[in-house]
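Protein chains in written order, with the working numbering: chain D, 1301 to 1551; chain F, 9 to 314; chain R, 10 to 311.
Among the clues, some could well be false.
[Said to hold, decoys possible] Among the chain R residues that face chain D by a calculated CB cut under 7 Å, a handful are:
1. G177
2. R179
3. E195
4. Q201
5. G204
6. F205
7. Y208
8. L295
9. S296
10. L298
11. R301
[To be verified] For each label pair, taking beta carbons as the anchor points, the in silico distance ranges come out as:
12. R:Q283 <-> F:L91: 46 to 52 Å
13. D:R1314 <-> F:A164: 21 to 27 Å
14. D:S1497 <-> F:A190: 36 to 42 Å
15. R:A135 <-> F:L14: 21 to 27 Å
16. R:E234 <-> F:A164: 54 to 60 Å
17. F:S125 <-> R:L278: 52 to 58 Å
[To be verified] The following residues of chain F were derived to be distant from chain R, with all beta-carbon distances above 12 Å:
18. R99
19. V105
20. L142
21. S280
22. A303
Keep in mind that the hints were calculated from the coordinates and are not lab data. Quick reminder that beta carbons are idealized off the backbone N, C-alpha and C, glycines included.
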Amino acid sequence: MAESILEVQGLRKRFGALTVTDDVSFAVAPGGIHAVIGPNGAGKTTLIHQLSGTLRPDAGSIRFAGQEVTGMGLARRARLGLARSFQITCVLPGFSVLENAALAVQARSGSSFRFLRAAADERALNEEAMAALDAVGLGARAAALAGALSHGEKRQLELAIALAMQPRLLLLDEPLAGAGPEETERLIGILRGLKRSYTILLVEHDMQAVFALAHRISVLVYGKVIATDTPDAIRADPAVRAAYLGEDEVA
Amino acid sequence: MSLGLLLVQALNGLQFGVLLFLVAAGLTLVFGVMDFINLAHGVQYMLGAYLGASLAAMTGSFWLALLLALPAALALGLLLEWLVFRHLYDRDHLSQVLATFGVILFLNQAVRAIWGSAPLQMPVPALLEGGIALMPGLQYPIYRLAILAAGLLTAALLWLLVERTRVGALVRAGASNAAMVAALGVDIRRLFMLVFGFGAMLAGFAGVMAAPVLSVDPGMGDSVLILAFVVIVIGGIGSVRGAFLAALLVGLIETLGRSLLPDLLRLVMAASPARQAGAAIGSMLVYIAMALILAVRPRGLFPVRG
Amino acid sequence: MRAALLVLAALAAAPFLGFGEGYVLTLLARAMILAMAAVSLWLLVGGAGLISLGHAAMLGIGAYAVVVLDDARITEAAVVVPVAMMAAGLFALATGAVAIRTSGVHFIMITLAFGQMAFFTTASLAAYGGDDGYTLYGRTTVLGHRWLEDRLVFHYLCLGLLALSLLGGRVLLDSRFGRVLRAAAENPVRVQAVGFSPYPYRLLAYGIAGAVAGLAGVLLANAAEFVAPSYLAWQRSGDLLFMVILGGLGSLQGAVLGALAFVLLEEWLGHLTQHWRLIFGPLLVLSVLFLRGGLVGLLRRG
């Protein structure tokens, strides 16, 4: 197996007396979808915050692409190639769909301390942004205002923005949350297409989607990772079944 | 610079500090509970001073004037809340800043139209006239000590009110999470009015007390307002304890800086440039202190919200 | 930009339409200079989402740069203009370095406090008149020529610089830099998540806006041939902010419309009564409560 793209070692976060992330360690190898599942309150959101750099862990280390990133903020990790999507959609409502993606392209294409030329006229930026929109099937809505998109379309735009960053790792925070059955089908289709060309860490609540998509799964329960293995092994793991899957129907 | 003079300036600084605290306390509570930035809070202080001065002239008694000015300040505060401010609670800070700025323009001008531009005088009450010997040959006005004592007493009462009563608990909870308090079934509008009126009265109280020692003029509310802002930014917005400590700090820096710096600089340069540079730097000192504190702690010394 | 172009054209034609007398030209010059300052403030408020309540300090520092140089008998524009813009820009960078670390209401209060600091500092400058202000020996010269003393030349200089700042602002907002700035105003987390730290962009914008306001300050000093600490008073910052909001945050041209409306309203009310602020204050409150979107919004709807 190639060297891990993301290595989490002994991560710990406390809020007062509550240990929300408790000695979490796992590694994500390049290629495919590695999923993190866990029931509500398992600490998925807190973990995402620490991985993306919006929350500092109390202890432990995070290495990304061979580099220590534990002390870095969101923006610096993003520049290293860590793209995250947000559970509560986080787009620029007053910008066009294309400009939302173009901003992400701009972030990795040379200096943004340029003051004269209109950014909207930069063909290179627009073309790459358009490619990202096409990859998630949002090309036809490029000219619309992001604020005017439907909920599902905003989720697609989240993905497109992350793709436009040409990331080394896509960190997806419950991309299916709040989507209806049809939207879920469409998003699963998009993710299936993406896993061929990107490494994805998928934090997700929807069990069926996870088992359908991931080739590796980490199970988070009460802040601890109790198992990391293939979907089949996870399904069969008695500890996982006892702690988590027992209460949930599993395909 | 003698030790005696230093003592006098330090007392002046503390006295200015407690006045600042009385203004800043209302400002920080109003902001903390209602997320409402009220530039017009300084005019409450000014109105207090004007009401005190003219009531004293009318009745001939400082005490009667103080007694009448407080409810009057409260009433004016509630009137403003009802007329203007309550329509701004759910607007953004920019709108709040501008609308309350408009209120200042109006009230400053109204004061000019009613009382004229010349400063008003308010006599010191007979009971507190004269001085007290701090050291042999060094007299300090009793009235100024009385201001200091009254300010500290009010601060203590305020602390008891906020920390030890049910209303205080609601105010504190409101400062950290207003939506939560509303969800608990508390009439948040009533709480707002209460806090607002109380803050207005505190500022008015500070104004009445300051009137005999400071000049009562139409711009007096603005200068105290900005220093009160510095106080609550340093102290941490919403924190009464922070406001108290920051107010004393700002009062001391402002007073000592302006009076001592020219003398200190004279040790290293000629008298005339020392006076000029001292005055210039002395007036900047409070803001430099604010910048330094914020550079280390962007949310102030005692941040209420994370 | 159509409304702004119309206004600029009207200003260009004004001297030939019977508005050529000294009094009107003085008023218009003041309006154009404040409009330029308002454009620079709009870049912060409307563009970067930074609500500064200390912008008059930048204007005043530009004006005081003219004073300091005038006192040393330096009036050449090639010196005065860069020095004034740099002084205001550097003050903006130094104070912005602290202020921009904070956000929201903290930012408002801190810019207000730094503005007040500049105000008190100028008031304590006894060598330059202190509280009473300073009367210039002469207007700024251009390559030794005293062109600025001609009313028409000064009128068109103000107009030209206003047009230039408006154009420059538009170009800046449309550039890569401006796009990051606008995006960070809408949603700072989104901007960080794609890899930008908003801080350096905001700080530079704050410095640029300061420098442009400093240039307006040079014109203001020349217009009145007099500079006083009151130029830096926090009420002037409030006025500038009101111009920006009165015009509307929907478009940069709002700053120009707002500033012109403000100056004309002030002038008109001042003729009606000595206590014109008794009317102006409530008007401000009412416009905040009811005129959402400002004049630009009104034009769009109408």
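Taking the hints in turn, this is what the structure says about them:
A distance limit of 7 Å between C-beta atoms decides the matter here; for R:G177 the minimum to chain D is near 9 Å, and the interface restraint is violated. With its C-beta approaching chain D no nearer than about 9 Å, R:R179 sits outside the 7 Å limit, and its interface hint is violated. Restraint check, R:E195 versus chain D: the minimum CB separation of about 5 Å is within 7 Å; hint holds. About 4 Å separates the beta-carbon of R:Q201 from the nearest beta-carbon of chain D, less than 7 Å, and the hint is met.
Taking 7 Å as the C-beta contact cut-off toward chain D, the hint placing R:G204 at the interface holds, the least distance being around 4 Å. For R:F205, the shortest C-beta to C-beta distance to chain D is roughly 6 Å, which falls under 7 Å, so the interface hint holds. Because the closest C-beta pair between R:Y208 and chain D is about 9 Å apart, greater than 7 Å, the hint is violated. For R:L295, the interface hint is violated, since its Cβ never comes within 7 Å of a Cβ in chain D; the closest pair sits about 27 Å apart.
Hint status for R:S296: violated, given a least beta-carbon distance of 23 Å to chain D, over 7 Å. For R:L298, the interface hint is violated, since its Cβ never comes within 7 Å of a Cβ in chain D; the closest pair sits about 24 Å apart. The criterion of a C-beta within 7 Å of any C-beta in chain D is not met by R:R301, whose closest approach is roughly 16 Å, and the hint is violated. Distance hint for R:Q283 and F:L91: a CB-CB separation of about 24 Å, inconsistent with the stated range 46 to 52 Å.
For the hinted restraint 21 to 27 Å between D:R1314 and F:A164, the CB-CB distance of approximately 36 Å leaves it violated. Checking the proposed 36 to 42 Å range against D:S1497 and F:A190 shows it is violated: the Cβ atoms sit about 49 Å from each other. Between R:A135 and F:L14 the Cβ separation comes to about 25 Å, which falls inside the hinted range of 21 to 27 Å. Between R:E234 and F:A164 the C-beta distance comes to about 55 Å, which sits within the given range of 54 to 60 Å.
A beta carbon spacing of about 19 Å between F:S125 and R:L278 contradicts the range 52 to 58 Å that was offered as a hint. The claim that F:R99 is not at the interface with chain R is violated, since a C-beta of that chain comes within 12 Å of its own (minimum 8 Å). With a cut of 12 Å on Cβ distances, F:V105 falls inside the contact zone with chain R, its closest approach being about 6 Å. Remark: the non-interface label on F:L142 is consistent with the geometry, its nearest Cβ contact in chain R lying 30 Å away (cut-off 12 Å).
Non-interface call for F:S280 relative to chain R: violated, since the shortest CB-CB distance, roughly 9 Å, does not exceed 12 Å. Some Cβ of chain R comes within 12 Å of the Cβ of F:A303; the nearest lies about 6 Å off, and the non-interface call is violated.
The structure fails hints 1, 2, 7, 8, 9, 10, 11, 12, 13, 14, 17, 18, 19, 21, 22 (numbered hints given earlier, in ascending order).
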